[in-house]
Structure formats: C-alpha cells, structure tokens
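Colleague: Could you build all of it, start to finish, from the sequences and the hints given here?
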Amino acid sequence: MKISSLLFIVVGGLTAYLFFTMAAIFQGNLDPCCNFWPTAECLEEQFKLLTSIQKCQLLDVVHLDYWYLICYPFLLGIWVYREMQAQILLWTNTLLRCCLLVLAILFLADITETILLEQLLKGITYPFKVIAIFTRLKWATLTFVLLILLISIIGRKTGLFPLSLRLKNRIE
Amino acid sequence: MKLTNDNSMKARLIRKLTKNRIAHSELNTLMTMATADDLKSITQSVFDMDEATLLERSAVEGATRWLNSLKNDRRKDLYVKKIQHSPRNELKKVVAEGDSWFNYPIILTDILDWISMDKNTAVFSLASASDWLVNILASREYVNGLSVHQPDFFLMSGGGNDVGGMSRMALMVTHRPNTTSELHYSDWAKHLIENAHKKPYLLRNEVSLDARKPTEKRWNRAIGYLSKDFFALMMLFRLQYYSLFHSLLVSGNEKFPDLKIITQGYDFLVPSDNNGWGVNPLKWYIPILRWIGHGWWLKKPLIFKELSDEELQLDILYACMYFFNEMMIELEEKFMELHPTAKGRLFHIDSRGLVQAHEWTDEIHPQPHKFRIIAQTYLACIHGEAATYKHVYRSVNYQPKKL
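Protein sequences appear in the order of chains L and A.
Residue numbers 1 to 172, in our numbering, belong to the letters of the first sequence in order.
Residue numbers 173 to 575, in our numbering, belong to the letters of the second sequence in order.
No lab work stands behind these hints: they were computed from the structure.
Quick caveat: nothing in here was measured; it's all calculated off a predicted structure.
Please note that a few of the clues may not be correct.
What the hints assert, rightly or not - Pulled a few chain A residues facing chain L out of the computed Cβ check, cut under 8 Å:
1. N200
2. I278
3. I279
4. M289
5. W391
6. P453
7. L454
8. Y457
9. P540
10. H541
11. R544
Unchecked claim - As a list, the in silico BS3-like pairs of lysine-lysine whose alpha-carbon atoms are at most 30 Å apart:
12. K157(L) <-> K254(A)
13. K2(L) <-> K253(A)
14. K157(L) <-> K265(A)
15. K385(A) <-> K477(A)
16. K2(L) <-> K291(A)
17. K291(A) <-> K157(L)
18. K2(L) <-> K254(A)
19. K157(L) <-> K477(A)
C-beta atoms are modelled at their ideal positions from N, C-alpha and C, and glycine is treated no differently.
Modeller: Quick look at the structure:
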C-alpha cells in the first residue's frame, strides 16, 4: 500500500474519531469562534468551565492528537508536492513551493499548541495568550495551504488560468 | 603479435593521457580503440583509486537513494498514464539518465519535472541526484531502460559530480599558476579553443559573431590554474561519452535504429559559501538547501588550494565549464563525422550564460525558473525545432513561455 493511501486512511479515521470524541466531551457546548480564532480571555473562560472529568478526557485526546498532527501535515505535504510537480505555470509552481514552507510552520504551530494545551490541562502553566496565538497561526496557515491547493487544482483541471491569460492577450 | 603491439600502444597512450601529454591524433586513436577494460584502467589512473573503491564511494545510497526513487516513481506513474492516453504519433518517449539537474529530490522543480509537464512528452527517469558519470556508465541501467521502452530520445546529464564530488575540484586546479599552462601541452585542448574561434554560433538575435568565444580576460586569468588532472578528466569524459554513443548509435544501431541522444552542458557554476538568507519569502528554500553540500562542492576545495580570490574562483569555473561544453560539442561533431549513421541523432544543450550569479539555488543548481528555460531548450530539440548551431541548442535563446 502506498504511504499516501495509508496516511489518508489514518488521517480520515483519526479525524472522525477526534471529532466525535470532542463532541461527546463538550456535549455541544463549544464556542466555534473561540475554537477557530480564540483570544486569551475566551480560552480562559472556557477553561474555567471545564470539569476535572472533562480535563482527564481531553488529556487522553491530546495524546492521540500527537499522532494526528504528525500524519495530516505529512499527507498534506505529499499532496502539495504532487500538485507542485503537476503544475505547468511558474507562479502556481512557486506558490505551491511556498506552501511547503507554510506547512512546516503549520506543523510547528500545531505541535506547540498541543504541548501547551497538555501543560494547561495538567495545571503546569496557563499560557492562554500564547495558545491563542498558535491556534490562530494554525488555522491561518491551514486555510492558506488549502486555498492555494484548491486554486491550483481548479486551475489545472479546468485550464482556467491559461484560458483567462489567453482571453487577456486577445483583449490586449 | 599485433595484439601485444596494440596493447602496449594503448598502455603508452593511456600514460600520456593521464599526464596530459597526448597528441590530438593519438587521443582520437585511443578513443576509437579503447575497450571497456581500457576505460576502467584510465578511470583508475585519473581518479587515482581502484574501480571498486571509486564505485563504492560514488554510489548513491541511503536517504538520497530513497528520495531519488520517490521522484522517479511519481514520474513512472505519469509516464504510464501519458502512454496510455496520448496518441502515439503525437507523443515523444524519452528515457533520461543523469544527476541532480535531472532529479533534484522534493523541493526543486528540475529539468525533467518541467519536461514532464509537456503533454506530448512522456519521460521515464533513471536519474539520481549525486550520481557520477563513472557510476552511470558502470551500472548500465540505461541499457535496460532503453531496451524496454524503445524511446525516441535518450537524455543524458553526467559529469558534474565527477568534478564536484568528494572535493575533487581541488584536484582540477593547481595552487600556483604555471608559467607554461597545461593547455599548452594539450593539442586537443588547443584544437577545441580554435574550433570555438573558427566556428562561431551564427544566431538570428546575436549581435556579435564572437558569441562562442570565451571572454578573453576571464579565460586568460583562469587557464594557468587548471591542472593536468583537469585536462585528463576532460579527455576521460570524451572517451566515456564516445563509448556511450558508440554502444547506442553504432553497435546498438539495429537495436535502437531511431534513438536520438541529447547531452547536457550545465552552466558556468558559481563557487560560493554564502548561506543564502534573504527577504524574499518565495526563495525560502535557498538557505535550507544550502545546508546540503553548499560550499563544499566548489568553493572550499578551491580554498584548500589557496585560491581564495572570489573573482579568480568564478573565472576558474568559467574556464572549466566552457571547456566541458566545447569538449561535448566537438566530440559530437567528430562522432557524426566518423559514423555517418549517427548524423542527426546527437544533440547538445548549451546552457552557458543562462543563469546569472544571483539565480543559483546553491553552487551547482539553478533556481527552478532557470531549470524551466533549460527544459524548454530540451523540448525544442525533442519536438524538432531548428537548432541554434548544427546540433547545438543554446538555452539563452529561449525565453520563458507557457509549456
């Protein structure tokens, strides 16, 4: 079996498992805004609302999350790399090469966030501000990578960008 | 009796070659006479080590081998898809063997990557980063590749690592300029330069007819520093490439009747140990890739020989790469003259002067947009566009365009 297929299965399985486990732990009481673009205050507020059972359950999930955050950037990396090799335009090729760097940043941001979250749940330190920054960085980088991938794939599959270039040349 | 005479003559010529005291006619005689065993013996003399050790040291192993195979496996998938889905009369099949200019793992989009993006060209790659010409010819992996795929073109890029690998650049120079340069002792080398002077590139958009001549100031400054080992290595390359061409286009003519070969000339490499940090985020990969070998291929070996002047280092590499290209061009001309069956089946890509000093990823690899122009030169050759000069395609004549 190819590494990419194996990773796809692992990442898919883990995503489903983590999603349902988190939903079960928080029982629908998650603030989406605080989850995706948090501030130190909202994180602190949410943390105060957690019961000790929820903290223990979350700690278990965090341990699994390490595997997840190793697997999904790797899978995304393979995807970006393959797309880079398939692009025929210099600018999309360059942009996808930049995505490889952004992916490395995403990986580091995610791993830092998880380490800090573990410390927080264990009551060692309470770095709400830093966690908020790394969470934002994580979502921003992930969005960037997915967006570039989407643009590149649409461009390659539909020939949209060369077409618009041809139209532009014709108009000029 | 004749056999003994031939052998002793070959041994004498090989000795002369390694000392760079061989006459032009003698080199041509040796070229046509040399067997695979003779080439091994010359390789041993030039590299100053036995073949087994040389092959062991130059072998591509470990992580590099794995990374090489990752890219080549992807290319093979694409190759199969193209063959399955493209009409045969439009599709050109290519087998490529060579070094990191053909297979730079992961980050850089190299020449073959860009060529593969052409929908009418299917590339089967055997190339490996860090591969030496001596290794490529010894393993003969390409023979099986060519037999299985029967391609229209065989792309070959070899020689760079034989010069830059294992700090061998230090052997190519001498720390004190000779009063009489080694060029003076080499009839063949002088012939190459004369050839370049007598047969300038005749280009549509070239103002000067001197386009093929070396820049005199740079050439004169560097030539005294080139050692006899450099000239011996160039002559060894000539014999190795001759043997390769002969095995495919003359002895293998029945097996590969329509095969055409394209060789690679590289550009004027730039010795540097600058770590490449800059403000352009699009060039983020340069400092990272410069952790790998940068500085140790060319710059530091030259410093070992007390050649620290940056301009002189550049001029030395200018002379080396100039010479390598002229060697390939002259060899191919000579080969087609000696073997009429090879006429129109040998091509050379001359990329000299294409990559500017700031456009290198590291000492020996251009940035992807320059690899792209070189790839366009290959594609022009593959799809039968007119050559710049006889069998030579010059990359500086190709502007970036949509592939």
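Colleague: Confirm or reject each hint.
Modeller: Status of each hint after checking the structure:
no.	hint	verdict
1	N200	violated (43 Å)
2	I278	holds (7 Å)
3	I279	holds (7 Å)
4	M289	holds (4 Å)
5	W391	violated (34 Å)
6	P453	holds (7 Å)
7	L454	holds (6 Å)
8	Y457	holds (6 Å)
9	P540	holds (7 Å)
10	H541	holds (6 Å)
11	R544	holds (6 Å)
12	K157(L) <-> K254(A)	holds (16 Å)
13	K2(L) <-> K253(A)	holds (18 Å)
14	K157(L) <-> K265(A)	holds (24 Å)
15	K385(A) <-> K477(A)	holds (28 Å)
16	K2(L) <-> K291(A)	holds (26 Å)
17	K291(A) <-> K157(L)	holds (14 Å)
18	K2(L) <-> K254(A)	holds (21 Å)
19	K157(L) <-> K477(A)	violated (54 Å)
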